[in-house]
Amino acid sequence: MAFKRSIFASASEDRLENLVLERLKPGADKEKIDARIWDLFGEVWCIMFTDLSGFSRGVEKFGIIHFLQTIHESERVLVPIIEDHDGILLKSEGDSFLVIFRNVAKGLQAAIRMQKELLEYNKDKIPEEKILLCVGLGYGKVLKIGDSDVFGSEVNTASKLGEDTAEAGEILITQTVFENAQETGLKFEPIKDVPAGTQGAFRVIY
1 MAFKRSIFAS ASEDRLENLV LERLKPGADK EKIDARIWDL FGEVWCIMFT DLSGFSRGVE
61 KFGIIHFLQT IHESERVLVP IIEDHDGILL KSEGDSFLVI FRNVAKGLQA AIRMQKELLE
121 YNKDKIPEEK ILLCVGLGYG KVLKIGDSDV FGSEVNTASK LGEDTAEAGE ILITQTVFEN
181 AQETGLKFEP IKDVPAGTQG AFRVIY
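Going by UniProt numbering, the sequence shown opens with residue 1, and the numbers climb by one from there.
Treat the hints with care, since some could be wrong.
To be verified - Cross-link-like lysine-lysine pairs, in silico, PhoX-like; alpha carbons within 20 Å at most:
(1) LYS106 / LYS141
(2) LYS32 / LYS116
(3) LYS141 / LYS91
(4) LYS141 / LYS130
(5) LYS106 / LYS116
(6) LYS130 / LYS116
(7) LYS187 / LYS106
(8) LYS32 / LYS141
Hints were generated in silico from the structure; no laboratory data involved.
Starting from the given sequences, assemble the full structure and let the hints guide the process.
In structure tokens:
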């Protein structure tokens, strides 16, 4: 399976690279090439970025073994929840996850379940062993390159919300997630620190 995945990812990356190189040629019809790229790779996904609050400070204070332990535990607790909600974990880099879901409802349900699961996990843990999660969600058309990466405005905004804006225990969402979440029955409140790329940003009340 890993071998097949690498072939598919490589084929997609090669196709994209060739189109980008064609786009760089003098006199290239960029509009036409862009349309081909979106036809090939454009898909609609709910994007999740996660980050662990205070992680860098913890590594500096407690060392690399603490780093590895926290990463291992966060993956052990959170990856099964992602899979239960049909999420696809595209990247795991340090203390951050990049996950995609086919719809907003599953992305929100997964995020809430992840936060609630960590509340239980943290109850009997000493402060330095608690896993404190920040989550950002975006939704919209993105360029999906195999099963290795996604690119787009909503990707960038979800990243900013999850990695830069959210505090421990928070789930922050873009305007498009909010607009597509009205049938979930969840409650939201607007936040003041709205990153570039979205008209508004909201905190999920759970």
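Restraint check for LYS130 with LYS116, where alpha carbons must lie at most 20 Å apart:
holds (13 Å)
Is LYS106 close enough to LYS116, meaning Cα to Cα at most 20 Å?
Holds - the C-alpha atoms of LYS116 and LYS106 are around 15 Å apart, at most 20 Å.
Is the straight-line distance between the alpha-carbon of LYS32 and that of LYS141 20 Å or less?
holds (18 Å)
Straight-line Cα separation of LYS32 and LYS116 no greater than 20 Å?
Violated, at roughly 47 Å.
Given hint LYS130 paired with LYS141 - CA-CA distance at most 20 Å:
Outside the cut-off at roughly 35 Å; violated.
Next pair to validate is LYS187 with LYS106; report whether the Cα-Cα distance is within 20 Å.
holds (16 Å)
Restraint status (C-alpha distance of LYS106 to LYS141 at most 20 Å):
holds (17 Å)
Hint consistency between LYS141 and LYS91 [alpha-carbon to alpha-carbon, up to 20 Å]:
holds (19 Å)
Taken one by one, the earlier hints fail for this structure at numbers 2 and 4, listed in ascending order.
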